[in-house]
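Asks: Read off the chains here:
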Amino acid sequence: MEISRQKIMALLLFVLALSVAVAAGYYRESLRKAESVHFGLSFPMDRGGKQVVLYYNEQGILKKLLQPGVVEIGTHRIKNAGKRPYVVKLELVNLSPGMEVVWETNQLAWDDATKTLRRPVRPRESFGMDWIFYIPGELRDEPVIYDGGLRVIDAETGEPLAFLPIKIVNRR
Amino acid sequence: MNKRHLAYRLLALLLGILLFYAPFALLIKAAAQLLESQGLIHVAGDVHRACLRMPINWAFLDPGKLIARVLMNPLYLSVFVLAVLSFFLAPLFCGWLCAAGNIPEHLNRLVPQRLKLDLRGKLDPTPVRYGFLVGFILSPALGGSIACSFCNYSQLQRVLSAVFGDFHALAYWSSTAIITFFFWFFVLGVFLEGGRGWCNFACPAGALQNLFHWLGAKLPFTFKIRFFKERCNDCGKCVDACPTWAISEAPSSVRVNRLICNACRDCVATCPTGALDYSRG
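Chains as they are written, first to last, in the numbering used here: chain A, 1 to 172; chain B, 1 to 281.
Accuracy of the hints is not assured; some may be wrong.
Unchecked claim - Derived pair list, reagent style DSS-like, types lysine-lysine, alpha-carbon separation capped at 27 angstroms:
no.	chain 1	residue 1	chain 2	residue 2
1	B	K29	A	K79
2	A	K83	B	K65
3	B	K29	A	K7
4	A	K7	A	K50
5	B	K3	A	K79
To be verified - If you anchor each label on the Cβ, the simulated ranges turn out as follows:
no.	chain 1	residue 1	chain 2	residue 2	range
6	B	L119	A	S19	18 to 24 angstroms
7	A	S19	B	H168	32 to 38 angstroms
8	B	R109	A	V101	53 to 59 angstroms
9	B	K237	A	A113	48 to 54 angstroms
10	A	T114	B	K122	56 to 62 angstroms
11	B	G121	A	V102	45 to 51 angstroms
12	A	R122	B	P63	23 to 29 angstroms
13	A	A113	B	K218	42 to 48 angstroms
14	B	L11	A	V102	32 to 38 angstroms
15	A	W103	B	L6	38 to 44 angstroms
16	A	P123	B	H168	29 to 35 angstroms
17	B	V84	A	P160	22 to 28 angstroms
18	B	S253	A	I8	51 to 57 angstroms
Calculated directly from the structure, the hints in this document are not laboratory data.
For glycine and all other residues, C-beta sits at the position ideal for the given N, C-alpha and C.
Just chain A, same shape as in the assembly (with noise of 0.2 angstroms):
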């Protein structure tokens, strides 16, 4: 009697903590466009086809409450698909005024200073960047918080090779 009920207890549990898992996993993607947004862009291919989105007044409520208006846009992929090697030069376009982005990366050879990737990425490699946003009180409750982009630029030759519109935006 003792063994079964330890047995029962011991599967309750087994699937409660299943449950939290998968439950995390939900509650994770219910802050994905809110929060942290990651996307993948090509260059010297992708010219505005698609759009990046973060909704920021549906953050989860302890970032809410802990640290509110700074958000992050980020990518692990940002990729060479073309058929040489590029030295790139990276700009985040029309930041509004007061809005502080810090830029962060695992490369070596990132150069914050002139925002370039100072070796060739060649082709078929991708590298990755975040950018974390400061957003001013005054801007927080605002319908489009920022409308702009990251523009991928040829550091050689100034040469635009792809752009990625970028939105922050509080959803009604």
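With chain A's structure known, arrange chain B on it following the hints.
Replies: Chain B only, in chain A's frame:
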């Protein structure tokens, strides 16, 4: 506890930080030098390069992706190498080198007993641990992956980076990062008896290693914590000393739960009669 044993464990913790975590990450950086042709040399070395979580998802749900990623960065095999080592040697990585598990455990020793939640003997961690492992594996297919968003290694890396001067590491906190830090470090860490709650309940890498240890421990040539009944005086000190609650009392004996034990050897160091040992057999 035996002070010399504690000193060894603290030294191992320090070594774990030096090997895996930025700004040191000596093992990661050494691997990057060796793997220059794969492009790993271009990225800063930190604990993410030897991720112990995503490869578990890939192995079960997308083996092709695992192979492709391993070809780019063989360090993604780390969790499986650790699992195979656990088969022969027990999960020594968890007990000795894993900073994310050891830091809450050691800080837990400094917290007064009355402030700790004590579930030892009241809650069996085994079904919780393996239920969570199955949920972790299935989560990308059912709802969304929790490999990165609920990663305690990542939280520790951020804190260590900030401690060593890179304050940007703490610039952004998502809701899931806040939850992970709160539960890993506080609720299941320094304020839970033993300090190993996250390891016991929510660490897929640890669960996988213990699964291999459980299998390996059935064989006579593998290393494990062994109990010698004839030397035991039933004092129960080993039960209280075990940070993972892997040892429980049985009539005139103790039982070592191989699905939880991380071979930290605190029980061996505590036993006054030498009834426990880490050896082959």
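Asks: Work down the list of hints and note, for each, if the structure agrees.
Replies: Hint by hint, here is what the structure shows:
1. B:K29 to A:K79: Given that 27 angstroms is the threshold and the Cα spacing comes to 24 angstroms, the pair holds.
2. A:K83 to B:K65: Satisfied, since the Cα-Cα distance of roughly 24 angstroms is no more than 27 angstroms.
3. B:K29 to A:K7: violated (47 angstroms)
4. A:K7 to A:K50: Since the Cα atoms of K7 of chain A and K50 of chain A sit roughly 52 angstroms apart, the hinted pair is violated (cutoff 27 angstroms).
5. B:K3 to A:K79: violated (53 angstroms)
6. B:L119 to A:S19: 18 to 24 angstroms: Once the Cβ atoms are compared, 19 angstroms apart, the range 18 to 24 angstroms for S19 of chain A and L119 of chain B holds.
7. A:S19 to B:H168: 32 to 38 angstroms: 36 angstroms Cβ-Cβ, so the 32 to 38 angstroms window holds.
8. B:R109 to A:V101: 53 to 59 angstroms: Hint violated: Cβ distance 42 angstroms, outside 53 to 59 angstroms.
9. B:K237 to A:A113: 48 to 54 angstroms: violated (60 angstroms)
10. A:T114 to B:K122: 56 to 62 angstroms: holds (59 angstroms)
11. B:G121 to A:V102: 45 to 51 angstroms: Because 48 angstroms falls inside the window, the suggested range holds.
12. A:R122 to B:P63: 23 to 29 angstroms: holds (26 angstroms)
13. A:A113 to B:K218: 42 to 48 angstroms: Violated - the Cβ-Cβ distance for A113 of chain A and K218 of chain B, about 59 angstroms, lies outside 42 to 48 angstroms.
14. B:L11 to A:V102: 32 to 38 angstroms: holds (36 angstroms)
15. A:W103 to B:L6: 38 to 44 angstroms: holds (43 angstroms)
16. A:P123 to B:H168: 29 to 35 angstroms: Between P123 of chain A and H168 of chain B, where Cβ atoms are some 31 angstroms apart, the hint holds.
17. B:V84 to A:P160: 22 to 28 angstroms: Because 49 angstroms falls outside the window, the suggested range is violated.
18. B:S253 to A:I8: 51 to 57 angstroms: violated (26 angstroms)
Taken one by one, the earlier hints fail for this structure at numbers 3, 4, 5, 8, 9, 13, 17 and 18, listed in ascending order.
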